[in-house]
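*Asks:* Protein chains in written order, with the working numbering: chain X, 1 to 305; chain B, 306 to 619.
Hints listed in this document are in silico derivations from the structure and should not be mistaken for laboratory results.
Glycine is no exception: its CB is placed at the ideal position from the N, C-alpha and C atoms.
Certain hints may be false.
[To be verified] According to the in silico footprint, chain X covers these stretches of chain B (three or more CB under 8 Å from chain X):
no.: 1; segment: 369 to 380
no.: 2; segment: 388 to 395
no.: 3; segment: 410 to 419
no.: 4; segment: 449 to 457
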Amino acid sequence: MSTPTPSAPDERAGAVIHDLGYRGYDGPRLGETAVARALFTTGLRNCFGLGRSGRSKILPMVLLGLILLPALILVGILVQGRQLLHLDDQIVPYTTYPLTTQLLVSVFVAAQAPALISRDLRFGTITLYLARPIRRTTYVLVRLASLTGATFVLVGLPLLLMYAGGLLADLPPGRETGRILVALAGAMLLAACLAGPAAVVSALTTRRGLAVAGVIVILLVSYTAVAIIQGIATDTQHELVGQIAGMFSPYTLVNGLEHVVFDTKAATPTPPEGAGLGAAYLGVAVLTVLGSVGAMLWRYREVSS
Amino acid sequence: MPVIETQGLTKRYPRVTALDDLDLTVGDGITGLVGANGAGKSTLIKILLGLVPATSGSASVLSHDIGTEGAAIRALVGYMPEHDCLPADVSASDFVVHLGQMSGLPYPAARERAADVLRHVGLAEERYRPMGGYSTGMKQRAKLAQALVHDPRLVLLDEPTNGLDPASRDSMLDLVKRIGSDFGIAVLVTSHLLGELERVSDHVIVLDSGALLRSSATTDFLHTTGSLLVEVQGRPDADRLLGQALVEAGLQARPAGGVLIEVDVADEHTPDVIRDLTVDLGLGLVRMQERHHRIEDVFREEVATGVHPDAQRP
Numbered sequence: 001m002s003t004p005t006p007s008a009p010d011e012r013a014g015a016v017i018h019d020l021g022y023r024g025y026d027g028p029r030l031g032e033t034a035v036a037r038a039l040f041t042t043g044l045r046n047c048f049g050l051g052r053s054g055r056s057k058i059l060p061m062v063l064l065g066l067i068l069l070p071a072l073i074l075v076g077i078l079v080q081g082r083q084l085l086h087l088d089d090q091i092v093p094y095t096t097y098p099l100t101t102q103l104l105v106s107v108f109v110a111a112q113a114p115a116l117i118s119r120d121l122r123f124g125t126i127t128l129y130l131a132r133p134i135r136r137t138t139y140v141l142v143r144l145a146s147l148t149g150a151t152f153v154l155v156g157l158p159l160l161l162m163y164a165g166g167l168l169a170d171l172p173p174g175r176e177t178g179r180i181l182v183a184l185a186g187a188m189l190l191a192a193c194l195a196g197p198a199a200v201v202s203a204l205t206t207r208r209g210l211a212v213a214g215v216i217v218i219l220l221v222s223y224t225a226v227a228i229i230q231g232i233a234t235d236t237q238h239e240l241v242g243q244i245a246g247m248f249s250p251y252t253l254v255n256g257l258e259h260v261v262f263d264t265k266a267a268t269p270t271p272p273e274g275a276g277l278g279a280a281y282l283g284v285a286v287l288t289v290l291g292s293v294g295a296m297l298w299r300y301r302e303v304s305s
Numbered sequence: 306m307p308v309i310e311t312q313g314l315t316k317r318y319p320r321v322t323a324l325d326d327l328d329l330t331v332g333d334g335i336t337g338l339v340g341a342n343g344a345g346k347s348t349l350i351k352i353l354l355g356l357v358p359a360t361s362g363s364a365s366v367l368s369h370d371i372g373t374e375g376a377a378i379r380a381l382v383g384y385m386p387e388h389d390c391l392p393a394d395v396s397a398s399d400f401v402v403h404l405g406q407m408s409g410l411p412y413p414a415a416r417e418r419a420a421d422v423l424r425h426v427g428l429a430e431e432r433y434r435p436m437g438g439y440s441t442g443m444k445q446r447a448k449l450a451q452a453l454v455h456d457p458r459l460v461l462l463d464e465p466t467n468g469l470d471p472a473s474r475d476s477m478l479d480l481v482k483r484i485g486s487d488f489g490i491a492v493l494v495t496s497h498l499l500g501e502l503e504r505v506s507d508h509v510i511v512l513d514s515g516a517l518l519r520s521s522a523t524t525d526f527l528h529t530t531g532s533l534l535v536e537v538q539g540r541p542d543a544d545r546l547l548g549q550a551l552v553e554a555g556l557q558a559r560p561a562g563g564v565l566i567e568v569d570v571a572d573e574h575t576p577d578v579i580r581d582l583t584v585d586l587g588l589g590l591v592r593m594q595e596r597h598h599r600i601e602d603v604f605r606e607e608v609a610t611g612v613h614p615d616a617q618r619p
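Generate the whole structure from the sequences, applying the supplied hints.
*Replies:* Have a look at this one:
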């Protein structure tokens, strides 16, 4: 059986070292936790274009830059002009910042959810994941976690920058630390409330453009509608209508919840007041997150290729 | 110990029966799984991986039950799907490292293994480019690399030569052969082209409409069709004359187009008998060669007649 092996025609001379022989692998094989962690990290990096083509890096990096820019300016003003302007507080409260920059956050989620979720379905890469030891459920949950984590980084990073600036400007450290912790917890919840529905929409289509449009519609349109309704409700003295409307956009939902629970400064004209509405806001938030997880698991239960 | 074993494996979809009571044993080495499109090849692979549940029956892969130990099987098996499965905006290098990690390899080991297997499949500098720009041949190599990155004990290759030009097809088949012989990994490779599998596999399984048509060593396939082509000259009716003499001598002989006679090989003395008869008749023996039958011929006959291969031609 000594057939001479003809060299493949496409091999360029000197480019490849031949005949090193195949080496097996006897090293450790990690369990599902380690695999899930690796999947999470790769997904998180991919959301910012890292480990992907150069073009994929542009949008997330530009958005990251844009969302940090106002925070940087605010810090600059606070540090430089604190005495002059008699500031003893952050110019924009931590919890309001995500609403101020909601357009950037929504565009990020709308662009990256399809890149992370639809991509595996469109290219059939999901088959390669399912053909590996990791469970289907784990795959779905980790993908959701990656998207949530990336959104949290985007929302949370400028807050941390403002916090650092606040400490630099000699704002009371205890008060600021308490506030930033509340704001970060809120950012986490916001990230989950944004990533969940965006992931569901992205999982329903393999067409990236369709998914982007779908997520944009859900996030931007809902926020705009809520803002308009709340504006009208304030003008017409129908505060309750505005308070209820606040539940229909993740941004106002989380901000309202922070206001009810931690008594933070509200970013909307009609924040929810009272335990009843607070409970309703909490219920909607929990429902959004768990509903998205459930819908994702349901969507993937029979995906095989 | 068989690598794959199935008993009464059945998969029914609402409209079609993809696998019909399949009993199968696959051993070490390279096994070719042959059948027309829709014969159930891909379905069988997906069931073995636990991607699709079987309707009834049982199967084990590397002594693990497909129903209860899917994760253990998937840790030991590499899978190269038939369809596209490569994201366009990731480089082959990054992608294979990532999938190595997904199979449980620590990051440094995954990197090392990825570099190794990418070299083995013949992806050189292009491994650092996004895979969206790859040719079909390069994509197939990248798909193969991800199936090998975790050093599996068995690889399931679904139509690895699909869409390749003849040159790439040849080098892909050489690769498959090396995986089985040099790498020491058991291979189950599907194709609807029988001639390909004849070249690389030690064993061939033929599926037809989800049922087992035949399973035997590749050499058996070729052996049962062993015959000689004989050409003689000296008289205008030389071929008829010799044919008559051969039949009288108890051999199976028939015209094989033109002046050729095809003689079935009864035993190792058959060539001697042909030679002696030719001399006795005063004819000149121009040539005597083995008729190179292909699995395709056997397959075609079996499908056409629906009988076992041992049955002789009419």
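*Asks:* Against which earlier hints does the structure fall short, listed by number upward?
*Replies:* Structure breaks no hint.
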